[in-house]
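Colleague: What follows is the residue order along each chain.
There are 2 protein chains.
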Amino acid sequence: ALLSSYLFINFALGSRYVSKTATKSVSEFEYDAPSMKTAVPGPNDIQLCLSPGLQNVGAVHFFCNYEESRGNYLVDVDGNRMLDVYTQISSIPIGYNHPALMKVMTNPNNVSTFVNRPALGILPPENFPDKLIESLLSIAPSGMRRVQTMACGSCSNENAFKTMFIWYRNKERGYANPSEQEVDTCMINQSPGCPDLSILSFMGAFHGRTLGCLATTHSKAIHKLDIPSFDWPIAPFPKLQYPLEEFVRENAQEEARCLEEVEDLIVKWRQKGKPVAGIVIEPIQAEGGDNHASPDFFSKLRNIARKHGCAFHVDEVQTGGGTTGKFWGHEHWGLDDPADVVSFSKKLLTGGYYHRDELKPDKPYRIFNTWMGDPSKNLFLSEVLNVIRRENLLEVVTRSGKALLQGLYTLQTQYPHILSRARGQGTFCAIDACNDATRDSIMIKARNKGLFMGSCGEKTIRFRPALVFKEYHVHQLLNILNDVLAEHK
Amino acid sequence: ALLSSYLFINFALGSRYVSKTATKSVSEFEYDAPSMKTAVPGPNDIQLCLSPGLQNVGAVHFFCNYEESRGNYLVDVDGNRMLDVYTQISSIPIGYNHPALMKVMTNPNNVSTFVNRPALGILPPENFPDKLIESLLSIAPSGMRRVQTMACGSCSNENAFKTMFIWYRNKERGYANPSEQEVDTCMINQSPGCPDLSILSFMGAFHGRTLGCLATTHSKAIHKLDIPSFDWPIAPFPKLQYPLEEFVRENAQEEARCLEEVEDLIVKWRQKGKPVAGIVIEPIQAEGGDNHASPDFFSKLRNIARKHGCAFHVDEVQTGGGTTGKFWGHEHWGLDDPADVVSFSKKLLTGGYYHRDELKPDKPYRIFNTWMGDPSKNLFLSEVLNVIRRENLLEVVTRSGKALLQGLYTLQTQYPHILSRARGQGTFCAIDACNDATRDSIMIKARNKGLFMGSCGEKTIRFRPALVFKEYHVHQLLNILNDVLAEHK
Numbered sequence: 001a002l003l004s005s006y007l008f009i010n011f012a013l014g015s016r017y018v019s020k021t022a023t024k025s026v027s028e029f030e031y032d033a034p035s036m037k038t039a040v041p042g043p044n045d046i047q048l049c050l051s052p053g054l055q056n057v058g059a060v061h062f063f064c065n066y067e068e069s070r071g072n073y074l075v076d077v078d079g080n081r082m083l084d085v086y087t088q089i090s091s092i093p094i095g096y097n098h099p100a101l102m103k104v105m106t107n108p109n110n111v112s113t114f115v116n117r118p119a120l121g122i123l124p125p126e127n128f129p130d131k132l133i134e135s136l137l138s139i140a141p142s143g144m145r146r147v148q149t150m151a152c153g154s155c156s157n158e159n160a161f162k163t164m165f166i167w168y169r170n171k172e173r174g175y176a177n178p179s180e181q182e183v184d185t186c187m188i189n190q191s192p193g194c195p196d197l198s199i200l201s202f203m204g205a206f207h208g209r210t211l212g213c214l215a216t217t218h219s220k221a222i223h224k225l226d227i228p229s230f231d232w233p234i235a236p237f238p239k240l241q242y243p244l245e246e247f248v249r250e251n252a253q254e255e256a257r258c259l260e261e262v263e264d265l266i267v268k269w270r271q272k273g274k275p276v277a278g279i280v281i282e283p284i285q286a287e288g289g290d291n292h293a294s295p296d297f298f299s300k301l302r303n304i305a306r307k308h309g310c311a312f313h314v315d316e317v318q319t320g321g322g323t324t325g326k327f328w329g330h331e332h333w334g335l336d337d338p339a340d341v342v343s344f345s346k347k348l349l350t351g352g353y354y355h356r357d358e359l360k361p362d363k364p365y366r367i368f369n370t371w372m373g374d375p376s377k378n379l380f381l382s383e384v385l386n387v388i389r390r391e392n393l394l395e396v397v398t399r400s401g402k403a404l405l406q407g408l409y410t411l412q413t414q415y416p417h418i419l420s421r422a423r424g425q426g427t428f429c430a431i432d433a434c435n436d437a438t439r440d441s442i443m444i445k446a447r448n449k450g451l452f453m454g455s456c457g458e459k460t461i462r463f464r465p466a467l468v469f470k471e472y473h474v475h476q477l478l479n480i481l482n483d484v485l486a487e488h489k
Numbered sequence: 001a002l003l004s005s006y007l008f009i010n011f012a013l014g015s016r017y018v019s020k021t022a023t024k025s026v027s028e029f030e031y032d033a034p035s036m037k038t039a040v041p042g043p044n045d046i047q048l049c050l051s052p053g054l055q056n057v058g059a060v061h062f063f064c065n066y067e068e069s070r071g072n073y074l075v076d077v078d079g080n081r082m083l084d085v086y087t088q089i090s091s092i093p094i095g096y097n098h099p100a101l102m103k104v105m106t107n108p109n110n111v112s113t114f115v116n117r118p119a120l121g122i123l124p125p126e127n128f129p130d131k132l133i134e135s136l137l138s139i140a141p142s143g144m145r146r147v148q149t150m151a152c153g154s155c156s157n158e159n160a161f162k163t164m165f166i167w168y169r170n171k172e173r174g175y176a177n178p179s180e181q182e183v184d185t186c187m188i189n190q191s192p193g194c195p196d197l198s199i200l201s202f203m204g205a206f207h208g209r210t211l212g213c214l215a216t217t218h219s220k221a222i223h224k225l226d227i228p229s230f231d232w233p234i235a236p237f238p239k240l241q242y243p244l245e246e247f248v249r250e251n252a253q254e255e256a257r258c259l260e261e262v263e264d265l266i267v268k269w270r271q272k273g274k275p276v277a278g279i280v281i282e283p284i285q286a287e288g289g290d291n292h293a294s295p296d297f298f299s300k301l302r303n304i305a306r307k308h309g310c311a312f313h314v315d316e317v318q319t320g321g322g323t324t325g326k327f328w329g330h331e332h333w334g335l336d337d338p339a340d341v342v343s344f345s346k347k348l349l350t351g352g353y354y355h356r357d358e359l360k361p362d363k364p365y366r367i368f369n370t371w372m373g374d375p376s377k378n379l380f381l382s383e384v385l386n387v388i389r390r391e392n393l394l395e396v397v398t399r400s401g402k403a404l405l406q407g408l409y410t411l412q413t414q415y416p417h418i419l420s421r422a423r424g425q426g427t428f429c430a431i432d433a434c435n436d437a438t439r440d441s442i443m444i445k446a447r448n449k450g451l452f453m454g455s456c457g458e459k460t461i462r463f464r465p466a467l468v469f470k471e472y473h474v475h476q477l478l479n480i481l482n483d484v485l486a487e488h489k
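The listed protein sequences derive, respectively, from chains A and B.
Take 1 as the starting number for the first sequence in the UniProt record's numbering and just add one per residue.
Take 1 as the starting number for the second sequence in the UniProt record's numbering and just add one per residue.
Treat the hints loosely; a few may be bogus.
Pairwise CB distance ranges (calculated) [stated by the list, open to error]:
{"hint": "1", "chain 1": "B", "residue 1": "Lys300", "chain 2": "A", "residue 2": "Ser441", "range": "49 to 57 Å"}
{"hint": "2", "chain 1": "B", "residue 1": "Ile188", "chain 2": "A", "residue 2": "Arg249", "range": "26 to 34 Å"}
{"hint": "3", "chain 1": "A", "residue 1": "Gln253", "chain 2": "B", "residue 2": "Lys363", "range": "50 to 58 Å"}
{"hint": "4", "chain 1": "B", "residue 1": "Lys363", "chain 2": "A", "residue 2": "Gly273", "range": "31 to 39 Å"}
{"hint": "5", "chain 1": "B", "residue 1": "Gly273", "chain 2": "A", "residue 2": "Val183", "range": "41 to 49 Å"}
Bear in mind the hints are in silico, worked out from the structure with no lab data behind them.
Idealized CB from N, CA, C, for every residue including glycine.
Start from the sequences, fold in the hints, and give me the full structure.
Modeller: Set out below in structure tokens:
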């Protein structure tokens, strides 16, 4: 009711950037509203695109002035200040230039950590175990006490896959030493040393773009075209109807169909001589179009993995870090033993993965590289976790997420020819446009009014605000979106 | 002659850490010698290894006090100060806590770059093109004006491979749009969308540990065992005799044999339906045992790649950054058009790769990920390049390298039953022990006397000092090594 009065006022007054009736609850360091000076990209953007230093201009949206950006507001080089609900592809946890993170930089005790990047696997800094305990281990998923840091999301998933392959083969050979034949053949990429094992993934999944990850990514052709891949099984991901509460029976049927297919594929690939060592899945398919599945689906899938002796890898690179209202997306499933491996990156600022004790590699140097992460990112992560706790940001996300989803429901009711399938968990929300051209046009018009959103799937708008996104910001977002929709055609 | 007098004095006086006759030329901020308080690992190390925060203790050498480390000297948690000629697996360019790098941290203009890590591919900071021009583009290899930053060495090579595959397929289809069949099949990992292309690599090579890179890595079984791989061709790398000047004819024959095998493999894999899209090689095989080849070999290999329409990728992750006495290892070949792709990481502090214009992907988002590097690393790299220029560090490396190699020759002459095959370019030097047990024992004894070295291959000691490693440090190194050898057996 409150929301529809906003929308009504908005209708009556036309295009405005700030809802006058919204209660302000912005942190002191933040701006209070968007402020637009030019269309985006503006003249300074266009100038910078001509620089010989710019290499791959094709994907650039605009150039940013990160010094001037604050909290939920991203400032561009033309002085435009936008409410940012894309947050660097969902990788800014507590907004721009958060004072707690600025302090990390000005603390002289931290300088050495930035200046001397160690080879963590062989020469860790004295404080590294303690820093892990206060950061990553303090948020370890249920059933997991082990974490391995990595530099980025793709490296995290690649090494998680390797960890599952090593675990699987050690089981197969009864934890005996590898045979001479295995040692010899692995050097030349041949079986049995390099075995024909596979990872089962889902249509619509995104797990990264390096060659191993890419074999489990099936969201868009542009990611995969022309790159050699592995013959690994790909199961259908449930195509649910939204709102989930209204289609419980239909969705349960669809999920049962997909789970059956998973088991068939596991059997089929075993018969093919390419057994499934692990299953990898996102709690919510993000890049693939914000596709949800029920806790029941994930719980059953986890049991299928257990039954067939496959490791179960939950990729939380985009869902992790609080954006769903719980720290990990898989917490919504309510399982004590949700996974064998959980990978992360983005909002956690460092990449890495947790795993159950059983998956610890049997020898050193099997999972290894030069840097094995970056301790300076752990410093920032510790502060991010402090802020999340101190400011109860998971509650903020839950509250803002409810307001956002409710607002999206209202908008799709008012604009049924344009919008449909509003869905979300926490502020991890999305809505579909009637087609990709309309979606893109809405996004550009919204950007010119000071709202910067992301897209995913074929015709989806995805909302990925920072954890400091308050109800006040939700109303700014909805007001702008409503203005754009009111003007549309 | 000067050197042998050091060794003589050293003999006479027994174990000492500093050669009294050496001329000091250490920067003001550095220590002047190693100083050992305990054996390594010491009691504090052993205590830290029991921390529940430490996850993978197997590969840990010791814990470091990076705050107290300076220049060429690494300090551990027991207060032992070692001359470090391994430098975090060759990734510390100008020593520990270099004042120029400390200044980057205290410059308030830089804070925002550390605190707000952008999605560089879509929302670059205003100063990013200029920073690229003053850093990476200022050291671009001959014939290359394009650079793509990445987070680490493996990601750099993975994306370099993808760039070569995309280039190769675009050539094959005459730069036309992909067929509907290609678009459809790529989504499910099948040919023709995911084509059976290959990368030719060399036995003994190391190009990283993610699944694509690992298919071109053939240095040690521990890296590869149990991980699925690709059926890609593997050529022999020349096994040369050292010193190179004394075996010119034999080495030329060996190189000719390997080049012939390369051409055979290219033909064979084309016939197999898995054409070679690219050849990847290190200017000096590092992890594989410091294996050299002549400029003539590389020049002919580059021509073979050109003749067969394969891209030529030079992996400079370990050789790049000045350690061979030129900024890039391939500069020693004297070619105007040395490669199609040159990848880097480690001493450059950011990963990435250069490529010729022709290899630019035809569309945005084909080479892409969330972070695409890290601008805060570019800030440090700019300063490193300033220091290299200001302090003429390439000349320092050349001078120190000559003294080091000459010293190693002298040692292997004096201890022919223990040492052989001294070799090197700049300070990128190595020497073989008679077997791995002796190698390991020498390394541990040297460490306890204050000299920290790395190993590679089966029985090789590799020297990878920072670029600030002066002749004075060379003599410290040789004195300690001589002490260890004199005591050996």
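Colleague: All hints, please: hold or fail.
Modeller: Against the structure, the hints:
no.: 1; hint: B/Lys300 - A/Ser441: 49 to 57 Å; result: 56 Å, holds
no.: 2; hint: B/Ile188 - A/Arg249: 26 to 34 Å; result: 30 Å, holds
no.: 3; hint: A/Gln253 - B/Lys363: 50 to 58 Å; result: 39 Å, violated
no.: 4; hint: B/Lys363 - A/Gly273: 31 to 39 Å; result: 37 Å, holds
no.: 5; hint: B/Gly273 - A/Val183: 41 to 49 Å; result: 29 Å, violated
Checked against the numbered hints given earlier, the structure breaks hints 3 and 5 and satisfies all the rest.
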